[in-house]
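S.K.: Each protein sequence line maps, in turn, to chains H, R and S.
Anchor point for the first sequence: position 112 equals 112 in my numbering, and the numbering is continuous, going up by one each time.
Anchor point for the second sequence: position 277 equals 277 in my numbering, and the numbering is continuous, going up by one each time.
Anchor point for the third sequence: position 54 equals 54 in my numbering, and the numbering is continuous, going up by one each time.
Because the hints were derived from the structure by calculation, they are not lab data.
Note that the coordinates shown come from a computational prediction; the quantities given were computed from them, not determined experimentally.
Heads up, a few of these hints could be off.
To give a feel for the contact side, a few chain H residues facing chain R, derived at Cβ under 8 Å [stated by the list, open to error]: (1) Pro88; (2) Phe94; (3) Leu137.
If you want the ones that stay clear, here's a sample from chain H, every Cβ over 12 Å from chain R, calculated [claimed, not checked]: (4) Asn120; (5) Asp184; (6) Gly193.
Glycine is no exception: its CB is placed at the ideal position from the N, C-alpha and C atoms.
Chain residues, written in single-letter form:
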Amino acid sequence: MTVSAEALEMRDVCAGYGASDILASITLQAARGRITTIAGPNGAGKSTLMKTLVGLLRPRLGQILTDGRDITHLSPPQRALAGLGYVPQERNVFKNLTIGENLRIGFEFIRRKVADKEFNAARERVLDLFPDLSARLGEAAGTLSGGQRQMLAMGCALIPGPTTLLLDEPSAGLSPRYVTTMLDAVAAVNRAGVTVIMIEQNLIEAMRVSHDVILLVAGGIRGKWDASVFLSDPDVRSLFLGGAKEKSAGSGQERVSDDASAA
Amino acid sequence: MMQALLNGLVSGLLIALPAIALSLTYGILNFANFSIGAMITTGAYLAYIANTSLGAPIVLAAPLAAVGLALIAIAIQRGVYRRIRNADHVTLLVASMGVAFVLENVLRFFYGADVRTLDVPVARPLIWHGLRLNHEQLQIAVVALSAMAAVAFLLKRTRLGRAMRAISDDPDLAEVRGIERARTVDWTWAISGVLTALAGVMIALDGIVDPLIGMNYLVSVFAAAVIGGLGNPFGAVVGALIIGLVEETSALAVSTTYRQGISFVVLVLVLLMRPQGLFGAVRIRR
Amino acid sequence: MTGYLVAILTFVSLAVLIGFALNVQWGQAGMINFGLAGFYGVGAYTAAILSKQGVDGFTAAVAAIAVTAAISAIVSLATIRLREDYLAITTLAFSESVRLVLMNETWLTGGTNGIRDIPRPLVGLIGGEYYEGFFLALCLILVAIVYLVLDRIIRSPFGRAMRAVREDDVVAATLGKNVLALRVKAFAIGGAVLGLAGTLHAYYFTYIDPGEFAGFITVYAFMTAIVGGKGSNRGLLVGACTVMVLLEGTRFLKDFVPFLSAQQAASLRLAMIGAGLILILIFRPDGLSSEYRLSVQKPVHPAPIPD
Numbered sequence: 001m002t003v004s005a006e007a008l009e010m011r012d013v014c015a016g017y018g019a020s021d022i023l024a025s026i027t028l029q030a031a032r033g034r035i036t037t038i039a040g041p042n043g044a045g046k047s048t049l050m051k052t053l054v055g056l057l058r059p060r061l062g063q064i065l066t067d068g069r070d071i072t073h074l075s076p077p078q079r080a081l082a083g084l085g086y087v088p089q090e091r092n093v094f095k096n097l098t099i100g101e102n103l104r105i106g107f108e109f110i111r112r113k114v115a116d117k118e119f120n121a122a123r124e125r126v127l128d129l130f131p132d133l134s135a136r137l138g139e140a141a142g143t144l145s146g147g148q149r150q151m152l153a154m155g156c157a158l159i160p161g162p163t164t165l166l167l168d169e170p171s172a173g174l175s176p177r178y179v180t181t182m183l184d185a186v187a188a189v190n191r192a193g194v195t196v197i198m199i200e201q202n203l204i205e206a207m208r209v210s211h212d213v214i215l216l217v218a219g220g221i222r223g224k225w226d227a228s229v230f231l232s233d234p235d236v237r238s239l240f241l242g243g244a245k246e247k248s249a250g251s252g253q254e255r256v257s258d259d260a261s262a263a
Numbered sequence: 001m002m003q004a005l006l007n008g009l010v011s012g013l014l015i016a017l018p019a020i021a022l023s024l025t026y027g028i029l030n031f032a033n034f035s036i037g038a039m040i041t042t043g044a045y046l047a048y049i050a051n052t053s054l055g056a057p058i059v060l061a062a063p064l065a066a067v068g069l070a071l072i073a074i075a076i077q078r079g080v081y082r083r084i085r086n087a088d089h090v091t092l093l094v095a096s097m098g099v100a101f102v103l104e105n106v107l108r109f110f111y112g113a114d115v116r117t118l119d120v121p122v123a124r125p126l127i128w129h130g131l132r133l134n135h136e137q138l139q140i141a142v143v144a145l146s147a148m149a150a151v152a153f154l155l156k157r158t159r160l161g162r163a164m165r166a167i168s169d170d171p172d173l174a175e176v177r178g179i180e181r182a183r184t185v186d187w188t189w190a191i192s193g194v195l196t197a198l199a200g201v202m203i204a205l206d207g208i209v210d211p212l213i214g215m216n217y218l219v220s221v222f223a224a225a226v227i228g229g230l231g232n233p234f235g236a237v238v239g240a241l242i243i244g245l246v247e248e249t250s251a252l253a254v255s256t257t258y259r260q261g262i263s264f265v266v267l268v269l270v271l272l273m274r275p276q277g278l279f280g281a282v283r284i285r286r
Numbered sequence: 001m002t003g004y005l006v007a008i009l010t011f012v013s014l015a016v017l018i019g020f021a022l023n024v025q026w027g028q029a030g031m032i033n034f035g036l037a038g039f040y041g042v043g044a045y046t047a048a049i050l051s052k053q054g055v056d057g058f059t060a061a062v063a064a065i066a067v068t069a070a071i072s073a074i075v076s077l078a079t080i081r082l083r084e085d086y087l088a089i090t091t092l093a094f095s096e097s098v099r100l101v102l103m104n105e106t107w108l109t110g111g112t113n114g115i116r117d118i119p120r121p122l123v124g125l126i127g128g129e130y131y132e133g134f135f136l137a138l139c140l141i142l143v144a145i146v147y148l149v150l151d152r153i154i155r156s157p158f159g160r161a162m163r164a165v166r167e168d169d170v171v172a173a174t175l176g177k178n179v180l181a182l183r184v185k186a187f188a189i190g191g192a193v194l195g196l197a198g199t200l201h202a203y204y205f206t207y208i209d210p211g212e213f214a215g216f217i218t219v220y221a222f223m224t225a226i227v228g229g230k231g232s233n234r235g236l237l238v239g240a241c242t243v244m245v246l247l248e249g250t251r252f253l254k255d256f257v258p259f260l261s262a263q264q265a266a267s268l269r270l271a272m273i274g275a276g277l278i279l280i281l282i283f284r285p286d287g288l289s290s291e292y293r294l295s296v297q298k299p300v301h302p303a304p305i306p307d
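With these hints in hand, go ahead and build the complete structure from the sequences.
M.R.: Dropping the structure here:
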């Protein structure tokens, strides 16, 4: 067992709602400073995985660690304080509050007792990333279009300066222009030092910015690839559709299997 | 008629406080607190205790009652509501009814059903252009308006207020953004307790203290909150003024004992025509 | 001693009937009725007023049942599309309004003095000392009849439809169930049972006043329904007996704590009932029985992924 310096790690995590598990003994690592995409067909359990990482769902078994620190039993606010930022797919802004208030809330509960000056600086950085928002600070978030709401949600997750950013389908339902904006922002944020883990269905766009890809199918991990070769790997299609259980040995890339025996 | 309108406004201001409290807890906890009537009564009794047993003048007894009820509300939240595992709104509703029952009977246990009054100096009413405003009404207006201003400031401009509005908007997202739910909920109950106790004290000032005084306002308070839109504290104020005016003006035509019956009718009409109230969002079943 | 037992069992029968009504409205159809006491009072007063006017016991009972059912249906209409909170508020407000009417319309209801000397059915036929026993037997028979009728309803397609609506009314609507009609009917059926219970109450006590129809009945009913397991009528019998034991048990509190006045003892007992309700909700919200349902196999492990 190597000492873990991974940004985020899951060990044998089983989680679900009610009597049955959706995630079956998940083990994965996401490296610091990189962008890891979690891909998989619908119903694979990707959103459940996100919720477990963020703390909205407690795993039945297993551990979750960030930079070696066990956060399995931390509540969502505690995980946010530990440096995890989260952009949910839907319901990701406070609709009845203004854009300015949304950003303020994103900041003030994680960076407590901090001078207004720092908040203003942080807000400026976010508005530089998403200039569309600056003109509308006084408007209710519920009046924004889908793309603008995504940007605001990401802005709120970024404003307190998280070390790891979790994104659930950042491009879902967006027009191509917004998709590019969002993923460019992801890349920019990563260059500034934030580790990113994202679920993304739009794989072509995702591969443009990602470093690593983890494939999740039917609640189990099927392998980890370098983003540059993921889409061209012939195994991927059959794994995606559930035919094979694991990446075949001959693919020559980094290999991670479901159990913890892999080094 | 003008007198009735004036009385109605004052009455509305009084009802506004527990109506705001009801909307606040509804917004955050997503259930209608049926113990609000009993809480009003408890607030009145706390002031009575401070006033008669401890000899505190009203100016001191009222804040003492407010703090006392705030603490009791937090204790109930931690002792009852938080411990209910399947905390869906139906179970909490029924629990709040149990709480109401316990509060009322504990008060009755210690103080019986006798009618009591607060020890306050009697003062002459003010007359202005033929309209009469007695001292209690003036106090109600001043206290209620100050309290409402304080709540508005709290909600709009403080971190706690933003936390409350955020949880009301989306509890999961609020958690993810770092808001500690349990603490914010405790504070919400504390504020609810303060507002409700003030109402109880003012009702007692204007009349008597007995185990049912809060109950006599329950329907009016609920009607006010529903008219405003359950969960919207600003709407609750508007709803309360409307209810106050309707109740007082109806007294010109119908016996005053039916005051709450009038509110019931108004409530039903509002639910039939515009269930989300003036400012709320209608929550269709699930 | 037998007199005491007969009285207790009669109370239990009334409590069971009220519980049955709540089980239909809340347990089966998911509608919260916080105004139980008010509807119960409507039933009692209707029977009492008619009996005093000379109407015979049976007809008065039928009238009381019909009136209570009709009023229940009307009251539920206001909030039929809305969340349970609104029905809870409305029924409570209705109950309060009923109380006001009972207290003030003295010409009809006797005001706070209530109605005395309500004629009991068949009292001429069965005299004196046997009447209490006869009345208890009548109550028990009625409880059994209501139980059987409700059981048939629960197991019928109508019952399934009610439960479907309770669980998810959007789905139920798409399946073609007329959600509104189902809810009103369920509420009315519960109302009918409450009317019957109220009638029996009036005949048994021969004296009613507005103060009897207070929140205590509602709290008590919820407690029996929850202890027995919401929706289960069989469990309700257990629940009613348990709660009655608690109630009667605490009646003897006075003997142990002699310095309590009667008023205080009564308040203490009522406070304990409220506390009991809270404790049940915390520790045993599913009660002691479970409701009728075709058993469903729940998978424990996820299905293995096919190769």
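S.K.: Hints first: check each against the structure and report whether it holds.
M.R.: So, going through the hints one by one against the coordinates:
1. Pro88: holds, 7 Å
2. Phe94: holds, 4 Å
3. Leu137: violated, 15 Å
4. Asn120: holds, 16 Å
5. Asp184: The claim holds: aspartate 184/H sits with its nearest Cβ about 24 Å from chain R, beyond 12 Å.
6. Gly193: holds, 21 Å
Of the numbered hints stated above, the single one contradicted by the structure is hint 3.
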